[in-house]
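Protein chains in written order, with the working numbering: chain A, 1 to 148; chain B, 1 to 374.
None of these hints come from the bench; they were simulated from the model.
It is possible that part of the hints are untrue.
[Said to hold, decoys possible] Going by beta-carbon spacing under 8 Å, a handful of chain B positions derived as facing chain A:
id, residue
1, 228
2, 229
3, 247
4, 248
5, 249
6, 251
7, 252
[What the hints assert, rightly or not] Chain A is nowhere near these chain B residues, computed Cβ spacing over 10 Å in every case:
id, residue
8, 86
9, 179
10, 342
Note that CB positions come from ideal geometry on N, CA and C, so glycine has one too.
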Amino acid sequence: MALNNSLLGWRRLVIDVYNDYNYYLDLAVPPGGPTTLVFFTNKPRKRNIEALKTVLRNAPISSRNQMVKDAALNVVMQVLLSMKSSQIEEAVNALDRDHLDILMKYIYRGFETPSEGSSGQLLAWHEKVHAVAGVGCIVRVLTDKKRV
Amino acid sequence: MPESLSFGIDPITAHAWNKDRTKLAISPNSPEVHIYHFQRGEWKLEEVLKEHDLKVTGIDWAPNTNRIVTCSADRNAYVWTQSEEKKWKPTLVLLRINRAATCVCWSPLENKFAVGSGARLISVCYFEKENDWWVSKHIKKPIRSTVTCLDWHPNDVLLAAGSTDFKVRVFSAYIKEIEERPVSTSWGSKMPLGLMMAEFSNSTNGAGGWVHSVNFSSSGDRIAWVGHDSSISVADASKGMAVSVIRTDFLPFLACLWVSENRLIAAGHGCCPMLFEVNETGKVHFAGKLDASLKKETSGVSAMKKFQSLDRQARTETNDTSLGTLHQNAITSVCLHTGNKANATKFSTAGVDGLLAIWDFNNLESAMRGLKFN
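All chains, please: the whole structure from these sequences, using the hints.
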């Protein structure tokens, strides 16, 4: 028959593999990153702040593996860019000084690789973190040998 | 209102007072050292000391023996003594370093001084009477990078050094030729020359910055340092070398000074001296800004005042770039003026703006209500 057999390939797809849940899992699994799995399995809107805290607490600062760091950066970017502007201030007030330093490092790293609309959102984050942690926080981003 | 003296437009890299605070030695970012004398109500330039070839990086004036020591980027240090005609005569000190000297400090008894350098070592210099010259001994291990700041312990033997390898170290600078064996202190009992008594890191998890200034408290038990990561730390030898750090919200500090056993001043790129306090448990916390009296009026300025200030400063735009603090640029050094480290009433700050300001705690008390100065 004159059927185009290449178009029948879709019958062999397992559609469950491609829903949001598993897609993010594939992207964001760094070696030794069970915490990222936990984050993405329960990510309703009101747990955003918890997600941010988890991700900052487990930030791979001491790691030498650049891929681990890049993967962590992607996760953090997703959290930062998905939060609404109104939630930013509440999130920043919930963090302590060390986490604010790490967050500022991620903000600057996020500036380095801008995506559509990301810089504007990151600037909003930068303003709120600066209001709480002052210029000292920015100085520590510049002087710290361990990059995020 | 702090008293301020302007020495032109050049930054003041270092300053030192004589014993009764009538004379001042400053270096205006050049190979010269200017000596000013307070006569009849104003500061007059008395003499210019020109011996160094490159920028002078440190000056210290020994109050009791009236000698000035200067060190410079030209790898030399000179000890200046005043002759009968009141002229200052230099004596070269052989430091035996192959990099610039960065800082110099007389010991409390003024029989020796220490010079930090980019050669990754500290030269401890003393006067040898037999040959009539200054001799230096080196402290090298385990310093791995430029020594940026020094301070002596009150017992005249221990020396604290901050360095660009993010560490603060306490060494013994005991010179057996000129002094008796020291008694044991909270830092240790055996003190041969060059022994490292303690080492503190300005970095946790590899963070941290260069150590800009280090200072022993009046009892010698506590040591404070400031780093380029905007942090200020205090270590207490009497509490088992416990360290308390705060990472501040301000720009990094460049100088720190104890003004009582529990209070310390830090000043730097923020152009404003800050007061920090150490409580009973040994934790350091921020106590206040000492430049609170000079807030610029931002809102409520009348139109006439605005145009008047435009006219006076020959500006055409309305943005005023002057800072709200007395110093208009970074403060590079802080010196005790009146009192001692156990109880200071006045201290002086000098900055990159060419200004030297003398701050009086009695006047500042009213600006800082709620803080008791004892």
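Go through the numbered hints given earlier and state which of them the structure violates, listing their numbers in rising order. none
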